[in-house]
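Throw the hints in and build the complete structure from the sequences for me.
Chains Z and U, in that order, are what the protein sequence lines are.
Taking my numbering, the leading residue of the first sequence gets 203, the next gets one more, and so forth.
Taking my numbering, the leading residue of the second sequence gets 38, the next gets one more, and so forth.
A hint or two may mislead.
Below, simulated EDC-like cross-link-like pairs (lysine to aspartate or glutamate); rule was C-alpha separation at most 16 Å, straight line [unchecked claim]: (1) K343/U to D607/Z; (2) K231/U to E261/U; (3) K362/U to E618/Z; (4) K409/U to D607/Z; (5) K294/U to D455/U; (6) K83/U to D277/Z; (7) K83/U to E273/Z; (8) K261/Z to D240/Z; (9) K634/Z to D407/U; (10) K620/Z to D390/U; (11) K620/Z to E418/U; (12) K634/Z to D374/U; (13) K409/U to E637/Z; (14) K409/U to E317/U; (15) K474/Z to D437/Z; (16) K231/U to E319/U; (17) K407/Z to D470/Z; (18) K474/Z to E537/Z; (19) K620/Z to E330/U; (20) K421/U to D592/Z; (21) K409/U to E629/Z; (22) K88/U to E618/Z; (23) K421/U to D593/Z; (24) K359/U to E418/U.
Treat the hints as calculated values from the structure; they're not laboratory data.
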Amino acid sequence: MAATIEAERQVEEATGDYKYGFITDIETEKAPKGLSEDTIRFISAKKEEPEWLLEWRLKAFAYWQSLAAEEGEPDWAMVNYPKIDFQDIYYYAAPKSQEDRPKSLDEVDPELLATYEKLGISLDEQKVLSGVAVDVVFDSVSVATTFRETLQEAGVIFCSISEAAREYPDLMRKYLGSVVPVQDNFYAALNSAVFSDGTFVYIPKGVRCPMELSTYFRINEANTGQFERTLIIADDESYVSYLEGCTAPMRDENQLHAAVVELVIMDDAEIKYSTVQNWYPGDKDGKGGIYNFVTKRAACRGVNSKVSWTQVETGSSVTWKYPSCILQGDNSVGEFYSVAISNNYQQADTGTKMIHIGKNTSSTIISKGISAGHGQNTYRGLVKVLGGADDARNFTQCDSLLLGDQCGAHTVPYIEVKNPTAQIEHEATTSKISEDQLFYCLQRGLNTEEAVALIVNGFCRDVMQHLPMEFAVEAQKLLGISLEGSVG
Amino acid sequence: MAKQIYYQNDGYQQAFASLADGLPGVPELRARAFADFMATGFPTQKVEEWKYSGLSALANAVFVPVKTTDRHAEAESFLAQSVPLEGAVQLVFVDGHFNTALSQAGDLEDGVTLTSLASALAAGDNRLEGRLKTNEQAQGRGLRSVNAALMTDGFVLEVAADTTVSRPIQVTYISTSAVVGHSTQLRNVISLGKNSQLRLLEQHIGVDTGTYWSNFVTDCTLGEDAVLERTVLQEEGAKAVYVAEGDVQLAARASLKAFWLTLGGQLSRQSQFLTFNGMEAEVALYGAYLGAEGQSHDMLTVMDHKVGHCNSDQIFRGVLDKGAKAAFQGRVIVAPDAQLTNANQANNNMLLDRSAEVNSKPELKIYADDVKCSHGSTVGELDKDMLFYLRSRGLDADAAEQLLVEAFIAEVLEEGLDAELLDFMQLRVRSWMASHTASPLTAEADGKERT
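Here's what the structure looks like:
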C-alpha cells in the first residue's frame with residue numbers, strides 16, 4: 203500500500219506541463235559520439251563482456267550497417283519525424299560512480315538518490331515497505347539492486363544484463379537473441395549492437411517469484427540513446443510479474459530509444475509484463491520528446507504457457523511498439539491489453555502480433571487508443587493462424603476515442619488465417635466522448651477536465667484492471683495528466 | 038536506397054511498338070502511360086496494397102491484346118451463360134472488342150449517350166482524353182497505366198441531368214482466346230448527370246483452357262442526386278488473371294449501390310477507390326467471393342470521406358475451399374472536418390478446408406472526431422452444431438454443408454441485389470458449389486460416423 207500512497211503523492215505533488223521534467227546534474231562517462239565498431243568495442247570493454255558477446259554485437263552491427271545502406275530506416279509506420287542522424291548520438295553514458303559499484307544505498311551518489319526521491323522511487327522506502335525489488339537503471343547502468351538475497355533464496359536470478367553476461371554465460375548464450383534475432387528488424391539490430399544495459403531474469407522450475415520485479419528506466423544526459431535489453435526466462439511451472447515504468451527529464455532535442463525485450467516461457471509457466479511508459483512527449487508545439495522504437499516479443503515455447511502484456515503508453519513523441527506473442531506450445535495463451543494516449547503532437551503506432559502455431563492456442567487483444575490535440579494514434583496488429591494451429595481462438599477489440607477535431611485515430615488490423623478450425627473475431631469502433639455522458643458529469647459538479655478524465659478512465663477500465671495495484675493508481679492519474687489542456 | 042518492389046518485363050516494349058499503330062486514338066496519352074508502366078512495372082507483394090497477391094504470374098510472360106477478332110461462334114456459345122435480364126440493353130465485348138452483331142442496342146431515352154470507346158476515340162472526342170486516368174493521375178493504383186497504353190475498347194456512357202434510364206444496361210465481356218499471352222484491356226467511362234438514374238449489370242465470362250489476362254478500368258462520376266446501381270458477376274476462365282479497378286467520384290446526395298459476385302479466375306483482383314466530394318452521398322458495397330482449387334480472390338476498397346455527412350457501408354463475405362486463398366483489404370479514410378461521417382465495414386469468411394487461407398485487413402484512418410466508424414472481421418468454419426442439426430434431420434454431409442454455405446452467402450446476396458437478380462445469382466452460387474466443392478471436412482465427418 204505504501205507504494206500506492208507514494209505514487210499518489212508523487213502525482214498529486216507534480217505540477218506544470220510535464221510532471222517529471224527535471225535534469226540531474228551528474229558527470230557522466232560517455233563513449234565518443236557516433237556509431238562505429240570502436241563504439242561497440244568501447245561499450246563491450248566498459249561492460250567487461252566476454253568475447254562471444256562482443257562478436258555477437260559486431261555481427262549485429264554489420265547487419266545493421268547493411269540494412270542502413272540498402273533500405274534505410276523502416277518507414278511503413280504511420281508516423282512522421284525528421285530523419286535520425288545515427289552518427290549524432292552518444293551510445294553509451296554511465297554515471298561516474300559506476301567506477302566503484304556501490305554495495306548498499308549508503309554508497310550511492312546522493313544526487314542520484316535525490317533523483318529517485320523526486321521520481322518517487324525511494325529505494326529504501328520501497329525496500330522496507332513495499333516488498334518490490336527494484337533494479338534501477340540510471341542512464342544505462344544498473345546502480346543499485348535490492349532484495350537480491352531474498353530472490354536468491356528462491357533461486358530467482360534478477361540482475362543487470364551485463365552482469366548476467368559475466369556470471370550466467372550459459373543462460374545468456376542460450377536465450378539472448380533467441381526470441382528477437384539480430385536480423386529481426388532495423389532497430390533490433392541496432393539494439394543488439396549497442397545495448398547498454400538492461401535486466402536479466404531467470405525463474406527456475408516450479409518457482410513462483412516471491413515478489414513483483416520492477417525496473418525503473420530513466421533517460422538523463424542529453425543526446426544519449428538508450429538501448430535497453432531485457433531478457434526474462436520463466437522455466438517450467440514458474441510465474442513472475444514484471445513491472446516496467448519510465449519517466450524522463452525535459453529536453454529540447456529528440457532522444458532515441460530502441461529497446462528489445464525478450465520473454466521465454468516454458469511448460470505451464472506464466473509471465474505477466476506490465477509497462478507504464480511516460481517519457482517526455484515533447485512540448486505543446488511538438489518540439490522535443492523521445493523517439494521510442496521498441497521490439498518486444500514473447501515466445502510461449504511450452505505447453506500451457508501464458509504471457510500477458512499490459513501497457514499504458516502516455517509518453518514519447520513517437521512510439522513504435524508491438525509487443526508480440528509467439529504461441530508455439532499447445533494450449534498457450536497470449537494476452538495484450540493496451541492504452542495509448544497521444545496528445546499535442548504525439549504519434550503512436552502501436553499494437554501487437556499474435557502468431558498461433560500450437561494447437562488450442564488462444565489470444566486476446568484489447569486496445570484502447572485516445573487521441574487529443576494534434577495527436578495521431580494508430581493500432582496496428584496482426585493475428586496469424588498457421589496451418590497446424592487447430593482450434594486457435596482470437597478475440598480482438600480496438601476502440602478509439604477522439605478528443606478534438608485535429609487529431610487522428612487509425613486502425614490497421616491484419617488477420618491471416620490458414621486453419622479452418624480457427625475462430626477469429628475482430629471488432630473496432632471509433633467515436634468521441636458522448637455529449638450525454640459529459641453533460642451528466644458536468645451536471646454533477648465536475649469541471650470539463652475532470653469529467654473527461656473520468657470518462658477516459660472508464661473507457662480504459664478493461665485494460666487498467668490488468669495492471670498490478672502499484673501501477674494502476676499511478677496510471678489512472680497519468681491518463682488525466684496526459685490529457686491536460688486537451689479540452690476546454 | 039531504391040527498393041526493388043516491382044516486376045519489370047522489357048518484353049512489353051516490343052509488343053507495344055508493334056501494336057501501337059493499330060490502337061484507336063490518343064497516341065500521346067498511350068505513349069505517356071506506357072512509359073509510366075515501363076518505369077513502375079507490375080507490383081510485387083512488397084507493395085502494401087498488393088501484399089496478398091503479387092502479380093508474378095503476369096511478369097513472366099507478355100500479355101497483349103489482339104487487334105481484331107473473328108471468334109463470333111465461340112462467343113455466341115458463351116452468351117448462353119449470360120444473365121437473362123428482361124428488357125436490358127445488351128452490349129457484348131469479345132476478346133477486348135465491341136461486337137455489334139451480338140449486341141442489342143435498342144432505344145434509350147433522350148440524353149443518354151452510349152458508344153464504344155474505340156469509336157469515341159476514333160471520332161477524336163477531346164473531352165474523353167482528360168477522363169482516361171493513368172497511374173500518375175491516380176497514385177499507386179496498380180495497372181491503370183498499362184491499361185491506358187493498351188486499351189482496345191470499352192464503353193462510354195453519359196446520362197444527362199434529370200434522366201432516368203428505364204432499361205438496365207447489360208454488358209457481357211467474353212474471352213474466347215485460349216492463346217497463351219492473350220490479354221483483354223478494356224476501359225469504361227460512366228458519367229451520370231445531376232438527378233439521373235442508371236442500372237448496370239456486368240458479367241465476365243471466359244475459356245477455362247488457357248491463361249489470359251483481363252485488365253479492366255471502370256471510372257464513374259456521379260453528379261448531384263444521381264443514383265447508380267451496379268452489379269458485377271465475375272466468372273472468368275479457370276486459369277485467367279483478372280484485374281479490375283474502379284474510381285468513383287460522388288457529388289452531393291449521390292448514391293451508389295454495388296455488388297460483386299466473384300467466382301472465376303485463377304487470380305482475381307478487384308480494387309475500388311471511392312471519393313465523397315459532396316455531402317449526404319451514400320455508398321453501399323456488397324461482395325461475395327467463393328474460391329476453390331488454387332483460386333485466389335483479392336478485394337481492395339478505399340473509401341475516401343473527403344467531406345462530412347456521408348454514409349458508407351460495406352459487407353464482404355467469402356467461402357474458401359481446398360487450396361483457395363482470399364484477401365479483403367478495406368480502407369476507410371475520414372478527412373479532417375468530415376464530421377458526421379458514418380462508415381461501416383464487415384468482412385466475414387468461412388474456411389471449408391485445411392488448405393484454405395484468408396487474409397483480412399479492415400483499416401480505418403480517421404482524422405475527424407464526430408464520426409461513427411466501425412469494422413468487423415470474422416473467420417471461422419462451418420458451425421458443427423448447425424451441421425449436426427441438419428444431419429439429424431436426414432441431410433447428408435454434402436447437402437448440409439451446401440445449405441449452410443448458401444445461407445451464409447445468401448445474407449449478403451439479399452442485401453445487395455434486387456429480386457430480379459437475386460434468383461439468378463443464387464443459382465450461379467449453387468452451380469459453382471456443385472462443380473467446385475468436395476469438402477474433405479465433411480468426408481472426414483462421414484468417415485468418423487461410419488466407424
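Here's how the hints hold up against the structure:
Restraint check: the Cα-Cα separation between K343/U and D607/Z comes to about 14 Å, which is no more than 16 Å; the hinted pair holds. A threshold of 16 Å between alpha carbons decides the hint, and for K231/U with E261/U the separation of about 5 Å falls inside it, so the pair holds. A hinted pair counts as satisfied when its Cα atoms are at most 16 Å apart, and K362/U with E618/Z qualifies at roughly 10 Å. Between K409/U and D607/Z, the direct Cα distance comes to roughly 14 Å. Compliance with the 16 Å bound is thereby established for this hinted pair.
Distance check on the hinted pair: K294/U and D455/U sit about 11 Å apart at the alpha-carbon level, within 16 Å; holds. For the proposed pair K83/U and D277/Z, the alpha carbon gap of about 13 Å is at most 16 Å, so the pair holds. At most 16 Å may separate the alpha-carbon atoms for a hinted pair to count; K83/U and E273/Z meet this at roughly 13 Å. Our distance criterion of 16 Å between C-alpha atoms is met by K261/Z and D240/Z, whose separation comes to about 14 Å.
With a C-alpha separation of about 6 Å, the suggested pair K634/Z and D407/U falls inside the 16 Å cut-off, and the hint holds. Proposed proximity of K620/Z and D390/U is supported: the alpha carbons are some 9 Å apart, at most 16 Å. Pair hint K620/Z plus E418/U holds up; C-alpha atoms about 11 Å apart against a cutoff of 16 Å. Proposed proximity of K634/Z and D374/U is supported: the alpha carbons are some 14 Å apart, at most 16 Å.
For the hint pairing K409/U with E637/Z, the CA-to-CA distance comes to about 14 Å; that is within 16 Å, so the pair holds. Between K409/U and E317/U, the direct Cα distance comes to roughly 15 Å. Compliance with the 16 Å bound is thereby established for this hinted pair. Our distance criterion of 16 Å between C-alpha atoms is met by K474/Z and D437/Z, whose separation comes to about 14 Å. Taking the CA atoms of K231/U and E319/U, the gap is near 15 Å; set against the 16 Å cutoff, the hint holds.
For the hint pairing K407/Z with D470/Z, the CA-to-CA distance comes to about 10 Å; that is within 16 Å, so the pair holds. Simply put, K474/Z and E537/Z have alpha-carbon atoms about 9 Å apart, close enough for the 16 Å limit, and the pair holds. The hinted pair formed by K620/Z and E330/U meets the criterion: a straight-line CA distance of about 15 Å does not exceed 16 Å. The suggested pairing of K421/U with D592/Z holds, with an alpha-carbon distance near 15 Å, which does not exceed 16 Å.
A threshold of 16 Å between alpha carbons decides the hint, and for K409/U with E629/Z the separation of about 14 Å falls inside it, so the pair holds. The suggested pairing of K88/U with E618/Z holds, with an alpha-carbon distance near 12 Å, which does not exceed 16 Å. Between the alpha carbons of K421/U and D593/Z the distance comes to roughly 13 Å, so the proposed pair stays at or under 16 Å and holds. For a cut-off of 16 Å, the pair hint linking K359/U to E418/U stands: about 13 Å separates their Cα positions.
Of the numbered hints listed earlier, not one is contradicted by the structure.
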